[in-house]
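Engineer: Here is how the chains run, residue by residue.
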Amino acid sequence: MTTPLHITTGRAVDGVARLSAVGEIDLTNAAEFAARLRDALGDGAGRLLVDLTRVEYLDSAALATLFAHAERLDIRISPLNEALLTFSGLDQLAAVEVVAGDAGA
Amino acid sequence: MSEGRHPDGVDVFAVDAEVGRDLAVVDWAATPLGAPGGWPQSLRTAVSILLASRFPMWMAWGPELTFFCNAAYRRDTLARKYPWALGRPAREVWAEIWGEIGPRIESVLATGTATWDEGLLLFLERSGYREESYHTFSYSPLHNDEGALTGMLCVVNEDTERVIGERRMATLRDLGSDPSVVRTEREMLAFAAEQLERNGRDLPFTLTYLFDDDGGAELAAATGLAPGHPAAPQRIAPGDIAPGDTAGPWSIAGSPMPIDLRGLEGLPTGDWAEPPTQALLLPLLQQGATPYGFLVAGLNRYRLLDEGYRGFLELAAGHVSTGIASARSYQAQQRRAEELAELDRAKTAFFSNISHEFRTPLSLIMGPLQELRDHLPPDDQRSRDEVEVIHRNGLRLGKLVNTLLDFSRIEAGRMQARYEPVDLPLFTAELASVFRAAVERAGLAFDVDCPPLPQPVHLDRGLWEKIVLNLLSNALKFTFDGGIRVAVAARDTHAVVTVADTGIGVPAAEMPRLFERFHRIATARARSNEGSGIGLALVQELVTLHGGTIEAESTPGAGTTFTIRLPFGAAHLPPDQLAAATGSDTVTETAEPFVREALRWLPGAEEDHPAAGPVVPAVPGDGPRARVLVADDNADMRDYLRRLLDSAYEVTTVADGTAALAAARAQPPDLIVSDVMMPGVDGLALVAALRADPRTAGVPVMLLSARAGQEAAVEGLSAGADDYLVKPFAAQELLARVRANVDLARLRNHHARWRTALIDSLQEGFFVADEDGAVVEVNAAFADILGYPADGVPYPAPHPWWPDPQADPTSHEEVMEQYRQVVTGRHGNMVLPLQHRDGHRLWAAVTINSVHDDAGSTMLVGTLRDITTERSAAQRETALNAMNERLADARTVPEVLQAAVGQLRRQWHAAGVTARAGALTVFDAAGEAQAPAVLDGLLDLGHSRILIEMGAGGRPVGAGTSLDSPLGAVGIRIALDPARGFGTEDQTLLLLLCGSVAQALHRAYAFDQEREVAVTLQRSILGPVVLPDGFAVRYQPATRPLEVGGDWYDAVDLPDGRIGIMVGDCVGRGLEAATVMGQLRSAARALLLQATGPGQVLTALDRFAALLPGAVCTTAFCAILDPEDGGLIYASAGHPPAILALPDGQSELLTVARGLPIGVPRGEVRNEASVTVPPRGVLLVYTDGLVERRRRPLTVGIGNAADAVQSHQALPVDELADRVLEQMIGDEGASDDVAMLLYRHPAPLDLSFAARSSELAPTRAALRRWMGRAGIGTYMAQQVLVAAGEACANAIEHGHREGQGWVRLLVRAMGSDLHLTVTDNGSWRPERSEPDPNRGHGIKLMRALMQHVDLQTGATGTTVEMSTRITP
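Residue numbers (our numbering), protein chains in the order written: chain V, 1 to 105; chain W, 1 to 1368.
So here's chain V without its partners, still in its complex pose (with noise of 0.2 Å):
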């Protein structure tokens, strides 16, 4: 059984590339969500937005993704996940905001 988690990609109105997870991210589905987000990503060097405010829960599986493009990842976290963020660095190399959402809560 895969865990659940429900990915949608898209561009916002100001035109920037744009993911959104909802669910949880663990061993299960961090693949998953690794292809997604190189799709989202596409080919240029355009920066994408990574809103994981409704994520549960995320482990180092997703972790490692978001590190392998982190250069390019404007990041959106719910402050129960950012700990994740810091301790693991990402923080340092993505844009982190946290946003208070209802992921979580």
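The hints are simulated quantities; they were obtained by calculation from the structure and are not laboratory data.
Treat each hint with caution, since some may be false.
As the list claims (entries may be wrong) - Using C-beta positions, here's what the derived DEER-type ranges look like:
| no. | chain 1 | residue 1 | chain 2 | residue 2 | range |
| --- | --- | --- | --- | --- | --- |
| 1 | W | Asp-1029 | V | Thr-86 | 55 to 63 Å |
| 2 | V | Leu-93 | W | Gly-1354 | 34 to 42 Å |
| 3 | W | Thr-1274 | V | Leu-93 | 47 to 55 Å |
| 4 | V | His-6 | W | Arg-1085 | 47 to 55 Å |
| 5 | V | Thr-2 | W | Asp-1029 | 26 to 34 Å |
| 6 | V | Val-99 | W | Thr-1151 | 45 to 53 Å |
Virtual Cβ for every residue (Gly too), placed ideally from N, Cα, C.
Since the structure of chain V is already known, use the hints to place chain W on it.
Structural biologist: This is chain W only, laid out in the frame that chain V set:
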């Protein structure tokens, strides 16, 4: 014998051949104990200790208290009851004293506490009659293999001989206690009766009859019986007395047979309940005459009239006889003194009045005597000597008579002097010259300086002679060195004559009385003490008659000078007494007596045996002749006394007191006859010196003195003389007195020998010490006890038997302290550690009294008893008790051995003690366990044997023994201090202690077994509970007595997911309570499964209990827990409140729903209450055994229990349960059983799943839910979730790769800590060699998120332990 043989070959009776043989033939099968083959180990141990002991012991065992004893007890106490007594009920053996000892034995068996009696009077019937006997004994409890009190051991010492001996000695001592005050016969008899009456046990009554002059007998004293009683007629008429037959009611045959008293009514009982049945008649013997009378003594009906008793009665009668003799002798003495005083007065008057009458007969004696001297044949030396003595003393008598006459003349004014002009220097020098020979023979210079005077001096020649001769005689008498000077000179109108000596001088205090008539100067030294004391008085009178003066100057030690002044001319003299000069300057015969007397004072003047022929005993003696020592400074008197006494006695003569003392000390004579007045040591001083010396204190002294009068006699007698004879005396009187005194002395010596024999026959050591503490007399027992014999006295303090101050300073100081108290006047009883001459140590009970002897000095009289054995027995008792006390606390075999070696080490102050039982070695030592090889050897040593290892100098360095135990033989070795030694007493004690240890080992072993059984039984009743998660339960049986109990616990999963909880406590113990408990527990469980709430459960149980006997009054706590939210509904039936320990350190008691115990309320619905067990809170439900302690309020115990939970909050619930139990019950064990239930909310999360990544999400969901129950905040929960997720992901990755992998997640909240454990059965990747860069963050994250992360990777899998502190 085959019956007494134990199957494993140990013969229980073999320890003592004799008693053992008799024990072996007892029909044991007929006793409750059964055949010895089936006896328990404890009984066999007790019997072998008993038989091995040399101390008297008996024991009783089993329901009928079957009797055993050892050889020492048989010998000392059992008498004819042996061997009948063996194997019989003790009540039957000692039926006659069961009233006394029964309650003691019952007390021992009831309480387990030993008894102790000292010198208890018991009436035994062991020798055919009821016998007075005394015993010092202790009853100690004996336990069987199960530890129950099953018998008792009596260690006993029979004191009968000692107690009775002491009592009799006390009576004899009291009878002889008062010799210094001479009494009348009546007083003496009253005194004796008082002493006899005080011993109402040996002398229920006594009657003293004295024969009177007409042959009848008068009752002189009675004790116990009133005079006039039919058995005690006031007087027995002569006709009723037939010597050798009867006297009134009493046979006076002197028969040694006791008189039967049966038939005599109303006899006194003395100190007993019943009157005597026999009496003994004892003659009051008089030395060499018919008895004074007789003594009738009622006999102690509880003692045989044996040699000791008879001897005591004879000595008592002897004391009475001696008292009568001394009282009668004193009376006679008094009469004699009065008669002598009267005689002396008459003699003095007679002498003064008619002394001149002596002159004629004296002249008629001296004249013919002079003739006789001249005509005796020269070869008749004996006659010449005798005549010489007569002549000398005739002259002396004449001189005394003349002097007295001169006095009476002067007094009467009838002195007929005839003064003529005399050439004073010439005449004086002439007089002096007659003394020259005597002075020179005395080794003195004699200087006569008499130059002519210008004119003659009027003198009466005769009187002047007396003046000069008296002065010269006086000078010679008191001068021992230097010389005598006589000088004449003219001074103005006077002629001055001086007589000066370099003698001893006169003390200044005596100078005024120098010329006093009859006053004698007390001098330290003189050539003779002869003299009337009137010489100088006469000189002064005579000088005064001449109109002159005399003065004396004296310096003690330098000499004396007499100066006479005589006026020239005749004007001062009565004219009618003047005469013309006769021209004769020759010395008259007046001088001769003076000179001869002076010569007798000088050494070499006498032949000591002038007239002694061969000594022929006139009285053929029956034994050696008595020896008499004569001391007199007068050689004639000495010779005279020798001649008088020679025929019947062996006579030694000496000339003064010093010589007498030396002779008496060298060989004490039977009698000393001494003159009172002697130069140097006089008669009185001699008596004092003799009395002060124990060697001569008993020698009788008879004083001779010229001083008559009662005062002088009293002075002599009070100085300690035995008799006093005034000179002159008749030869017959002297002989009679000497004979009486010698006889008395022999009688006294006979008594002294009796005394010596008596003292020597004492079992107790006896000694006498003088004021300085020097021991001057000891008896044979003393010599035996301490090794210092009588002929070694005196033993000055510090005594050689005191402990060595170097080797044993403590004991030495103890003895010194007691000694200091004794010499400063404190007397009494003490127990001292002393040292025998051969070096062995002993304990002695010493009793000391001070007495004043006749000379007034203080003596210490003491007795000494070796109480080492008694003391050892008491110490053994103490040691045994100490050991048992220590063993009582030991529950397991190692604990018993540890306690035993510890106590053994303390007992012997040993360097170390080691015990070995199989593989188990236990020791108590400063260093290491010692000598394993020795211990191995001990195991084969055999029963009741001790192996002593000797070290250098033959001192014991180790003692070992072995004992039986359920584990096999146990070897015990004590490393001894060689200085202490290890004697028989120590060996006995060691065996006794090992017996206790053996019993304790059996007990401990049995205890371990029983405990195992009991716990197994209880747990089987409680059932194999599969507990819901989060719970821990414990059951602990009561320690002692070890029994299953009525406590239970239960926790059961209910169908609705909740958990039913029950803890209860049935009344009582044992199987019955356990049965009730089992039924209640099943019922409660069923009710919990059906009922909706705890109140209903308890109410239903009330009804159930009504049907189940023994269930009423059970207490119970019942609750239903919701494990999700910790909600708890509870009810209590009289049960101690459950405790809720909160994570913040506070505790709460669940006391809201309280109720009465089960079965007490009828039909009412019980109350319920609700409470929430908060996250990480702990619920403790228990029975009262956990918290109830004697003398402590229950609330304190409950508080302690809450604290115990709080202090171990951080532990898993199982460990928490162990700690609480340990802390609350500790090592000593509980006196009641304990059931306990613990729950911590929430129960740990314990998930196991296959190593598949699909398990991750459900696992996370469960963990998230659990953290909610555990009260962990969202933010923190998220971090825990990630850390756990990483760990699980790793485990799955790994396990998955391995194939059939599984992962387990265990999460527990304990106190303020959260613990996670993730376990898999794969192998973890090394952190650094992580090949997949994507997975590198996992472990880092775990470490960042949790406070502790620990990875353990092994062949069988990997465990990750993580923990963190729970923050709100």
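Engineer: Give a verdict on every hint.
Structural biologist: Tested hints:
For the pair W:Asp-1029 and V:Thr-86, the beta carbons lie near 36 Å from each other, so the given range of 55 to 63 Å is not met. At about 37 Å, the CB distance of V:Leu-93 to W:Gly-1354 agrees with the hint of 34 to 42 Å. A beta carbon spacing of about 27 Å between W:Thr-1274 and V:Leu-93 contradicts the range 47 to 55 Å that was offered as a hint. At roughly 50 Å, the beta-carbon separation of V:His-6 and W:Arg-1085 lies within the given 47 to 55 Å, and the hint holds.
About 30 Å separates the C-beta atoms of V:Thr-2 and W:Asp-1029, a value consistent with the hinted range of 26 to 34 Å. Range check, V:Val-99 to W:Thr-1151: Cβ separation about 51 Å, and the 45 to 53 Å hint holds.
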